[in-house]
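Residue numbers (our numbering), protein chains in the order written: chain A, 2 to 215; chain B, 2 to 215.
Simulated from the structure, these hints should not be mistaken for lab results. Please note: incorrect hints may appear among the correct ones.
It does not matter which identical chain is meant; a pair holds if it fits inside one copy or across any two.
Claimed, not checked - Computed list of lysine to any residue pairs in SDA-like fashion (alpha-carbon distance at most 20 Å, straight line):
hint	residue 1	residue 2
1	Lys45	Lys185
2	Lys105	Ile133
3	Lys105	Leu208
4	Lys105	Gly95
As a plain string of letters, each chain reads:
There are 2 protein chains.
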Amino acid sequence: MVKPQLRISESTIHRLSIYYRALNRLERENYETISSKELAKREKLTPAQVRKDLSFFGSFGTRGLGYPVTELRDKIAEILGINRSWSVALVGVGNIGSALVSYKEFQKQGFRIRKIFDNDQRKIGSNHKGIIVSDADDIVTELRDSKIEIVVIAVPSLVAQMIVDDVVRAGIKAILNFAPINLKVPDDVYLRNENMAMELEYLSFSLCNDEAQL
Amino acid sequence: MVKPQLRISESTIHRLSIYYRALNRLERENYETISSKELAKREKLTPAQVRKDLSFFGSFGTRGLGYPVTELRDKIAEILGINRSWSVALVGVGNIGSALVSYKEFQKQGFRIRKIFDNDQRKIGSNHKGIIVSDADDIVTELRDSKIEIVVIAVPSLVAQMIVDDVVRAGIKAILNFAPINLKVPDDVYLRNENMAMELEYLSFSLCNDEAQL
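So that you can see chain A by itself, here it is in the shape it has in the complex:
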């Protein structure tokens, strides 16, 4: 069991996800060890940053030899909780929801969509990749009786808070929200928001602040 790592920042956790993917690639390329310098170069980070991030998890690297690729990858998977599978429910099979049902990265990292809900009568009962869409009106009872651990919300902003309230009432403690709205959840529920425009804003910031263009 991993001990609580309360000092780990949000950006460190994201970098762990990035290291995990980098180490997977390195393993496929038959690397046995990797230096912080090489790992940093591949991911456009500094070696000091890599060493600092990985130092949270005890002494892994051997000076001169680097980090053992497979062992470090497995350790990060354990820390991120992706060395197991998770049962996920999706609410909303509009444009984004439909894309998520087919999104291979979820499966690859162990996130299995096991239930789908919608409030559109034309969608209820339809089959999405082997899952029959349930009525969103039944969400509290259906989630309570299930082993669902994480719920993904891909509904219009107007109904998102109502859906989240139901999801919380059903006892779910982890929610990923795609609706562009600030949802309120109790303190003991983990809520993450995915807003795909934010990465574009990073790019527009970069273009506006590009030294070469000023």
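Based on the hints, put chain B in the right spot on chain A.
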């Protein structure tokens, strides 16, 4: 013109996007000023973090009065480059690409999809929200002759590098990639990767490291 803000970290830029949205909501709620404490509370950050982030942009807050909501919102929009519109091209209208064409947040922040490319003969020539899908084979010439500033890649991993090479050849300097693969671009091209599984990994990390559950 904004001066280069080279000390601004990736996480600060993301928080600016978050402040921007929060300030928009505050304006709609008729707030004229907001304290760092209240802004922090709404976004689950610390007041010190908010003050530090906003201090990059000169002295905005007045002790005791807080930040002027509209002025700060407009300043952040200028810094992020979203006080104007951007011409965007999308490559790939599969599940994710189709969802992005209808994604209202892009439009709302000024990111206008003006061109769509695909290599599927059944999709080329079809109409997506008023845009006729072009042949991906013509991407270099079509982008060169256009005013496109940012390209969004939503193609399968196997062809993503080839597409990106074409996009770079056409002179594009900002790319948002949805393919779960590490793309190589020259140093003068800004590349951001969107991997929607990473937010789920944050949640699984949180569930695994939840003090209450240990």
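Hint by hint, which ones does the structure fall short of?
-> 3
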